[in-house]
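Starting from the structure of chain S, add chain Z where the hints point.
Each chain is listed here by its residues.
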Amino acid sequence: MGRKFTAIVLKDLQLELRSKETWVAMVAFALMVALVFGIAVNPLRVALASVFPGVLWVAYLFAGMLGVGRGFEQEARDDALTGLMVAPGDRLAIFLAKLTVAFVFMFTMEWLVLPFMVVLLGEPVAGGVLPLLAVTLALGTVGFVGVGTLFAAMAANTRAGSVLLPVLLVPFSVPVLILAAEATGGVLGHVVPAVDPWPWLHALMAYDVVFLGLPLVLYEFIWEV
Amino acid sequence: MTKPKARVWTGTWWLWLMAAIWVVALYLNFIYTPDARYLLSSERIFYVHMGSATAMTFVYGVTFVASIGYLWRRGLAWDRWAAASAEVGTLLTTMVLVSGIIWGRTAWGSWWTWDPTITTTLILWVLFLGYLLLRDWTDDRERRARYAAVLAIVAFFLVPLDYYAVYFLKSIHPAVITTHGVNLAPSMVLAMLVSMVAFLFLAAAWILIRLRLLTAEDHLVEIQDRLRTPLDSL
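Listed in order, the protein sequences are those of chains S and Z.
In case it helps, my numbering puts the first sequence at residues 1 to 225.
In case it helps, my numbering puts the second sequence at residues 1 to 234.
Accuracy of the hints is not assured; some may be wrong.
Cβ-to-Cβ under 7 Å is the rule here; a few derived chain Z residues that face chain S [to be verified]:
id: 1; residue: V126
id: 2; residue: W137
id: 3; residue: T138
id: 4; residue: F157
id: 5; residue: L161
One side of the interface only, derived from the structure: several residues of chain S facing chain Z at Cβ under 8 Å [to be verified]:
id: 6; residue: M154
id: 7; residue: R159
id: 8; residue: A203
id: 9; residue: M205
id: 10; residue: L214
id: 11; residue: L218
id: 12; residue: E224
Honestly, the hints are just simulated from the structure, not real lab data.
Since this is a predicted model, take the numbers as computed values, not measurements.
The beta carbon of each residue, even a glycine, is placed where N, CA and C say it ideally should be.
Isolated chain Z, as found in the complex:
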């Protein structure tokens, strides 16, 4: 009998740190920062939008690294990291899209435009819905990990290509952070940065929660397999 090897870190002290950061972030977003000159209070959606977009980028980065890690080292722990981060990433992409759509309605007067940044985000969303479907519909555990890793790696190369393919259309997405600096008032920059940190913490918390669940699921299957073939486990 072998004991389940992988353990997920279960410390919770940092959740209190996260709660404190969120209180500060919400205070900065809604009370500290002034209304924008033309966008008025609709500008405050931006902090949610930017925060979830930053967290999304990092989380998909985790998916990519974990996928390569799985194909290279072959531990199911790598795959669980990829699965958890892909799920959280899809959720964050949904948040980016929804916040962007609502903001676009007030700022541009239309719910949707086929701008490169927006279109690429939508494609990313569809891509990872497909990724989650592929995981769900592949029955063999080890095969599921392999297929998902292959898809995640190919997807990583697709996203920039998609962006440049759509780029030939005229872009109207605001560029807040450019090579010439940040186009925001200092108080708004502070709110944006704290928002980013708050969302990164949130994403990390979600990933850890999912990791614990996925690890438990894998252990459960392992135990079931062992019960089914009692002779093998002697």
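Excised from the complex, chain S in its bound form:
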């Protein structure tokens, strides 16, 4: 279980270090969202800083959808997923490994994109809020990745799976989007009137518990042969 998990995580990270496909695509995509938003909305009429948390999470979630789908797409070639499944060890290890890799990709992407967003949308970020911001980003990402990995495993086996994945994931991202964006606004502390981020973070934790738990119960049904 533990060895299989570590092996798959290391394999995926090594693959990514060599090919550099996924994270480049994710970061580029998130930046495009910020760029398009900044251009489409007239910054003279709309204070970009006031919509900063929302735009940040829209960019993160769309880029996240790109990343979460990749994990199973690359296993589809030569039916590598079947190889992973018949390998000794619990199948839970495969699911947890894919979940972990998706989390690492998305979380790294978030920190790479953040400075650009801060500059482009003019939202000053004080160094003191960074620990709490990291907690917020981590909680939002966990909530997204849990159910995202479950659906990505399904989408990999359907026609037009790459189209289907966003359709399935958007309704599930609604709570993450609301809770994480509000919490981020509260953490950064530029929202008027001031928002206390903790109730939002607690709600986000509750969401994470439910939507990490459900996939762990249900993933077995995805991979029956």
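Same frame as chain S, but now just chain Z:
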């Protein structure tokens, strides 16, 4: 050779009962009940809205139970129940949304508000459109049933969470049925209840029609498979 096992009940006498209930419901909605004090006759949309919303809740309940039933017992009949009820549920959700939007325009002066109840209903609608797409785009019959069941179960847990996530916004949706009783005139309560029953019957009729069609489809595929491999069926 095995004969197709599942048969769908084809009795029609209860359709006449449904027709009678609908006549009563329409009479109550449009003639018996008075105009509302401020909303005037636009209030009558409420009976359609409430009726389809009640039926929607029950029908999605059927989807959830049938999905669990499929993963537990593995009969395609469970899956057909889930598929039929999800389709009818999506249709009823459309009716809830459309009737609500029209009513909101006359009552609130705007087509749409981001109220928790309304937003959650919209999310529910998108969710089940995705569900129907997933069914449509999964080719393997058995896999389609499994995936759809997993999605329906996860969706069941999402809806209340969505509601509370949006709840932090101020709610303007009227609460007609509260813990302190029903905020309606007695004649309107009667019209509302009969409407609910009428819509429940309608939903049941639609589900049975879809079930018969889906069962026929499954049998057709079964027969095609049998013709393709004649040796297996000996």
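Against the structure, the hints:
1. V126: This hint holds: V126 of chain Z lies near chain S, its Cβ roughly 5 Å from the closest one there, short of 7 Å.
2. W137: 4 Å, holds
3. T138: Check passed: Cβ of T138 of chain Z comes within 5 Å of chain S, closer than 7 Å.
4. F157: At 6 Å from the nearest chain S Cβ, F157 of chain Z passes the 7 Å test, so the hint holds.
5. L161: 5 Å, holds
6. M154: This interface hint holds because 5 Å falls under the 8 Å limit.
7. R159: OK, holds: R159 of chain S within 8 Å of chain Z, min 4 Å.
8. A203: Given a least distance of 7 Å, the restraint on A203 of chain S holds.
9. M205: Hint on M205 of chain S: violated, closest Cβ of chain Z at ~12 Å, above 8 Å.
10. L214: Given a least distance of 5 Å, the restraint on L214 of chain S holds.
11. L218: Holds, because the Cβ-Cβ distance from L218 of chain S to chain Z comes to roughly 5 Å (cut-off 8 Å).
12. E224: Holds, about 7 Å.
Hint 9 from the list above is the single one not met by this structure.
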